[in-house]
Amino acid sequence: MTKCIKNVICTFCGTLCDDLEVDVSDDGKRIEQVRNACAIGAEKYLHVGNPGRVVVPRMRQADGTYKDVSYDEAIDFTAKTLLKAKKPLMYGWSSTNCEAIAEGNVLAEKIGGVVDNCATVCHGSSLLAIQDTGVPSCTLGEVKNRADRIIFWGCNPAHAHPRHMSRYSIFPRGFFSAKGQKGRKIICVDCRETDTAKVADHFVRIKQSYDYEVFDALRTLLRGEEIPDEVGGVPREKLQELIDICKGGRFVTLFFGMGLTHTLGRNHNIDAGINFIRDLNDYTKATLIAMRGHYNVTGAGQVLGWQYGYPFACDLSRLTTARHNPGETTSVDLLVRHEVDACMVIASDLAAHFPFEATRRMAHIPTITLDPHICMSTELSDLHIPVAIVGVEVGGCCYRMDNVPIDTRKVIDAPEGVLTDEEVFQRINKRVDELLAEAGCKDAAEYLEYLEKQEA
Amino acid sequence: MTEIIIKNGHVFDSVSGLKGEVADVCIKDGKIVESVGNGATVIDAAGKTVMAGAVDVHTHVAGPKVNLGRWYRPEDKFRLGERCSAKMGPNTHIEGGFSIPTVFKTGYEYARMGFAFLMEAAMPPLYARHVHEEIRDTPIQDEAALPVFGNNWFMFEYLKNGELDNAAAYVAWVLRQTKGYGIKCVNPGGSEAWGWGLNCMTVNDPVPYFEITPKEIIDGLIATNEHLKLPHSVHLHSNNLGNPGNYTTTLDSLKIAEGHKANNAFGRDTVLHHTHLQFHSYGGTTWADFESKAKEVMDYVNKQENITIDTGNVTLDETTTMTADGPFEYHLSALNHLKWANVDVELETAAGVVPYIYGKNVKVCEMQWAIGLEIALYAKDMMRTMITTDHPNAGPFTRYPRVYAWLMDKEYRDAELNGFKWSSKVIDATTLAEIDREISLYELSQMTRAAPAKVLGLGSTFGGLAPGMNANVAVYDINPDNMPKGIELENALAKAAYFFKDGVKCVENGVVLEANPVVKETYWVDAKVPENKQVLHDVSEKFLKYYSINLENYDVAHHYVPHPHVIEIEEA
Amino acid sequence: MTAGTPSPLVNLFEKEDFEDWSKPHLVGATTEYSSLLALQAKKEGGERKYGNGIIVSVVTCTEIKQGVAIETGKTSQAYFDACSVIELDDEDFKTLGINKNTNVRVTSAAGTVVLKAIGARQGLYPGLAHIPMGPWANIVVPSYTYSTGEPCFCGFDCLIEPAPEAKIESAVKLMHEKCGLEYVGDPHYD
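These protein sequence lines are chains A, B and C, in that order.
For what it's worth, this note's numbering labels the leading residue of the first sequence as 1, then goes sequentially.
For what it's worth, this note's numbering labels the leading residue of the second sequence as 457, then goes sequentially.
For what it's worth, this note's numbering labels the leading residue of the third sequence as 1029, then goes sequentially.
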């Protein structure tokens, strides 16, 4: 007999689908079947039971091999490493729940670390643009109920957010959009003819890295001014057609992704996009939504925002003040410039997704990785602490790409003895308190002095 | 069993009827008691002012738009001369931000001023989890949040069809789902119209498609509120906020209360709370002939006894405006050209955020400042008039002491008024210069304690120092026999000599000692209604068809509210 | 420390011997950097061919195959198959003079990696190539961030040269070797 758990929240991408059905074995230990999920989501749930799951922390030894250690040892090692470091980087946070993030951020304040999440290499540019120029946005349900013009720019939901198009943007029938896809005009702007472009009514291929120019041209046309015959590889007539389509709509939504944030111009591309949407509001209703990647990268920013005031790249290493200076306190820059002397990777894979030069630095400083699975980061770390999988083995709050919080569900038990991210952070926090008390230090700065004295 | 006696202070408390008489306040196990034993800790309050912990009836301190403000305004953390990012004590967290402080700073700053309870004034139901996460992480004060209903599709339908039972059942359901406290209504109908880039400017403008008017919405919400016997009245931000000549819309909105009578078991005798009245008391037709209509509006408020108001005082700071009035924020950003953020929420509401600089040499801002003060000074019934800054819209809550001092010291406010660039124009277009009234400490204790507690239906536990009430006590270094003036008064009100939250001393000499021992509670209302199949059916249908999340994932689970204080109301 | 022998990496706390900071440091630079700048000049002259290779602009993006493979495991064959490739336009195969599914050496300002050149899964144009996000792509992604924190994942120039005999390394081994660490394998996946 299996039991079916409904309304399960898929913890893979920022779409955070909440309608999965998961069949679980009677003893609540195995997942038998997953329904409603995309290919990635299904794989996420089904591979949980694959053999080879790491269930105890692993410490790298002098010869490069790993040996299993207890959680107590792992937590002691982590606490001491973080306290010993002058400026440790605590990067990741995007694939865990907000409860763990809140606990982890408080640890960072205590030991004087830099907190940064995956936005730093995903939508960090978007956040910078929002800081510069604001963001007219809406929830995904608004898009479903009202939007009759959808623009995908530099994003590819067919691959990165597989159910986005069917749940929110292209196909669904909503309150004012009873015709579904037939009532909508879909525009896709990209340098590649992606699979998303193939389902769009209009595909506009622009030359790689010409996004800013094209946005600018659109804004110019919207104001009725002249533009050159061709901008970024797109003929003027095509751009004018886009403007006419947008102005003719009742509700326009622009979705944008890495194609804008990773390319030349970075935040300036987004800035231009936001202002294009803002300008469109003089003619019709227009909104935009960032296609956030990891399922809780948004939540990582939310928690950091309400605790310390910034969405990412928050430097707490001075212990008395929080700093945010993208380009300086962002992970890649910190690693490449050798400004951090220890690294903790939490629920994200730094080594697989950072430029190699940053990864190389991470591999050469003491690194601790919290991850349920073996990944590139765990293999370059001194310590791998396995944890329960959020959304599968433990619940907790996560934020969708439109900042809507959803409480994820636990569907099966974690392997015996495996802790959750939150528990690990609670225990590290406790251990740090103990170490400070033992040394008679009031904070991490005093502890560094204490360590220096000990050595002398 | 901890016992504390606060000895020989001048106590101002309308609940126990003390108007500055020297008296002792006794605390035992987190409650006010008649007397304590000899072993009690003695706090010497001789020559000091003692009041109950303050209650903020309307503030935006937690939730999606507040955090969006924090996200997109790093500059809010870089102001020189303000405590904008600093660790103030060994046992407190780093505090950041000015107009939109972090949760830690919010709790600490309110505690320094002696606040015990905060009402988060606008919670989009879909984002309720976010609001509760922030409330959970805010130290010290008890809090509650008001879900918004003024642009809700369910309510449009029920109210248009006059289905009061269904409206009540739906509101009760939402309060349970979101762990909400009462009915908030922001720009009724206007924020839904904003879904198409439109607005409702008067109480008679029909909402596009739904064909219901703001007047019908407000009227229906009041009826629903009293039908459910909720502790708080309907909490209204009316249409046409911030525009010259809007006072007529305000009066039209207030008049809707005339046919209603309060019905509840919480000692509340009013049916409508109009918030940040300053933004709604403008005359003229353009910003050029813009003038104060505070007197006209307050004349009506004074005679209409079943309504309450709060002021929304402009503090003349650079701040961050945020409201569920989506169209207003769009127009504001068109006026000041600062960064515009907007979030429309499916089936429920909208919201916008725009930074705003209330400049001391901008005529409109100077006028707004004067109008806010006029409203408080024209009030006849201080139990129906509360002081707010609509934090952070008219100014950050950390400026409350300055607003109090302006109201309590004519010289202080006149110095400000006469120092303005446009002071003669402001004096012409308002009546502030002619008003000699100074608010007394006793009146202050009503406006900031007893009155908000009463209108929230919390009059038996908050806002007073009678035995049995929560032991929230603020002691200020103010000797009523030798009243400090101006900036000294402001400083004394900003830094409580002592503040006890539920009998725990958490502030001494304006310094937050430690927040952790205080157990903060989240208040929410569980109103019982008969099972309503129609509403349950409507809910499941709308979730299936129009919401972007499933019904089963809408409920705010109990772990978001680790210390709930549930107010249960028996079936109507 | 209670956890046995300290790891060799931990010793680096005291000893900074990895890179000489007295040298001028061009972020993202390796030895090839200046020569690529020269190539850039040539490219703007209209000639993309260089030696037996070509210069292309590379973007690195997510893909559903890569997404599924991440969930299967980053040490899996599926992940290897999904990520250790470079997509080229058909024109570029002709210019390079190689068939599809031939290994190529990809060199950027940041580094060099061997990948399998495959036909475009999603439409490219001549001069635009795609590597799925992952460890292989990141060897050649320049780390320069223009003070935004965001490295150059999209739109950086690479030299593509045929390397039919060269071997594509597994992810973990590749990272270890490039980082200068000894690769000893791991019983968990080897």
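Since the hints were derived computationally from the structure, they do not count as laboratory data.
Certain hints may be false.
To be verified - Each computed SDA-like pair below joins lysine to any residue, with the alpha-carbon atoms no more than 20 Å apart:
hint, chain 1, residue 1, chain 2, residue 2
1, A, K442, B, M544
2, C, K1093, A, G64
3, A, K6, B, S996
4, B, K1001, A, G180
5, A, K442, B, N547
6, B, K1001, A, N36
7, A, K198, C, D1117
8, A, K6, B, V995
9, B, K543, A, D433
10, C, K1093, A, E193
11, B, K543, A, D216
12, C, K1093, A, H47
13, B, K1001, A, D19
14, A, K87, A, G417
15, C, K1206, A, T65
16, B, K543, A, T320
17, A, K6, A, D407
18, C, K1206, A, D63
19, C, K1206, A, G64
20, B, K941, B, D892
21, A, K198, C, K1206
22, A, K207, C, S1085
23, A, K179, B, M544
24, A, K185, B, N547
25, B, K998, A, N7
26, A, K182, B, Y1002
27, B, K961, B, W652
28, B, K795, A, D216
Just so you know, these numbers come straight off a predicted model, no measurement behind them.
Comparing the hints with the structure gives:
Restraint check: the Cα-Cα separation between K442 of chain A and M544 of chain B comes to about 14 Å, which is no more than 20 Å; the hinted pair holds. At most 20 Å may separate the alpha-carbon atoms for a hinted pair to count; K1093 of chain C and G64 of chain A exceed this at roughly 31 Å. Restraint check for K6 of chain A and S996 of chain B: the C-alpha separation of about 15 Å stays at or below 20 Å, so the hint holds. Between the alpha carbons of K1001 of chain B and G180 of chain A the distance comes to roughly 12 Å, so the proposed pair stays at or under 20 Å and holds.
Distance check on the hinted pair: K442 of chain A and N547 of chain B sit about 10 Å apart at the alpha-carbon level, within 20 Å; holds. Distance check on the hinted pair: K1001 of chain B and N36 of chain A sit about 17 Å apart at the alpha-carbon level, within 20 Å; holds. In summary, the hint linking K198 of chain A to D1117 of chain C is supported, as the alpha carbons are separated by about 18 Å, within the 20 Å threshold. A threshold of 20 Å between alpha carbons decides the hint, and for K6 of chain A with V995 of chain B the separation of about 18 Å falls inside it, so the pair holds.
Pair hint K543 of chain B plus D433 of chain A holds up; C-alpha atoms about 18 Å apart against a cutoff of 20 Å. Between K1093 of chain C and E193 of chain A the CA atoms are separated by roughly 17 Å; this keeps the pair inside 20 Å, and the hint holds. For the proposed pair K543 of chain B and D216 of chain A, the alpha carbon gap of about 44 Å is over 20 Å, so the pair is violated. In summary, the hint linking K1093 of chain C to H47 of chain A is supported, as the alpha carbons are separated by about 15 Å, within the 20 Å threshold.
About 13 Å separates the Cα atoms of K1001 of chain B and D19 of chain A, which keeps this hinted pair within 20 Å; it holds. For the hint pairing K87 of chain A with G417 of chain A, the CA-to-CA distance comes to about 31 Å; that exceeds 20 Å, so the pair is violated. Restraint check for K1206 of chain C and T65 of chain A: satisfied, since their Cα atoms lie roughly 18 Å apart, inside the 20 Å limit. For the hint pairing K543 of chain B with T320 of chain A, the CA-to-CA distance comes to about 5 Å; that is within 20 Å, so the pair holds.
Using a Cα cut-off of 20 Å, the hinted pair K6 of chain A and D407 of chain A holds, with the two alpha carbons roughly 14 Å apart. Of the supplied pair hints, the one linking K1206 of chain C and D63 of chain A holds, its CA atoms being roughly 18 Å apart against a limit of 20 Å. Distance restraint check for K1206 of chain C and G64 of chain A: the Cα-Cα separation of roughly 15 Å lies within the 20 Å cut-off, and the hinted pair is therefore satisfied. Our distance criterion of 20 Å between C-alpha atoms is met by K941 of chain B and D892 of chain B, whose separation comes to about 15 Å.
Taken as a hint, the K198 of chain A and K1206 of chain C pair is broken in the structure, with Cα atoms around 38 Å apart against an allowance of 20 Å. A C-alpha spacing of about 11 Å is found between K207 of chain A and S1085 of chain C, which places the hinted pair at or below 20 Å, so the restraint holds. As the CA atoms of K179 of chain A and M544 of chain B are separated by approximately 58 Å, the hinted pair breaks the 20 Å bound. Taken as a hint, the K185 of chain A and N547 of chain B pair is broken in the structure, with Cα atoms around 57 Å apart against an allowance of 20 Å.
Proposed proximity of K998 of chain B and N7 of chain A is supported: the alpha carbons are some 16 Å apart, at most 20 Å. The hinted pair formed by K182 of chain A and Y1002 of chain B meets the criterion: a straight-line CA distance of about 18 Å does not exceed 20 Å. Distance restraint check for K961 of chain B and W652 of chain B: the Cα-Cα separation of roughly 51 Å exceeds the 20 Å cut-off, and the hinted pair is therefore not satisfied. Distance check on the hinted pair: K795 of chain B and D216 of chain A sit about 18 Å apart at the alpha-carbon level, within 20 Å; holds.
Going through the hint list in order, the structure does not satisfy hints 2, 11, 14, 21, 23, 24 and 27.
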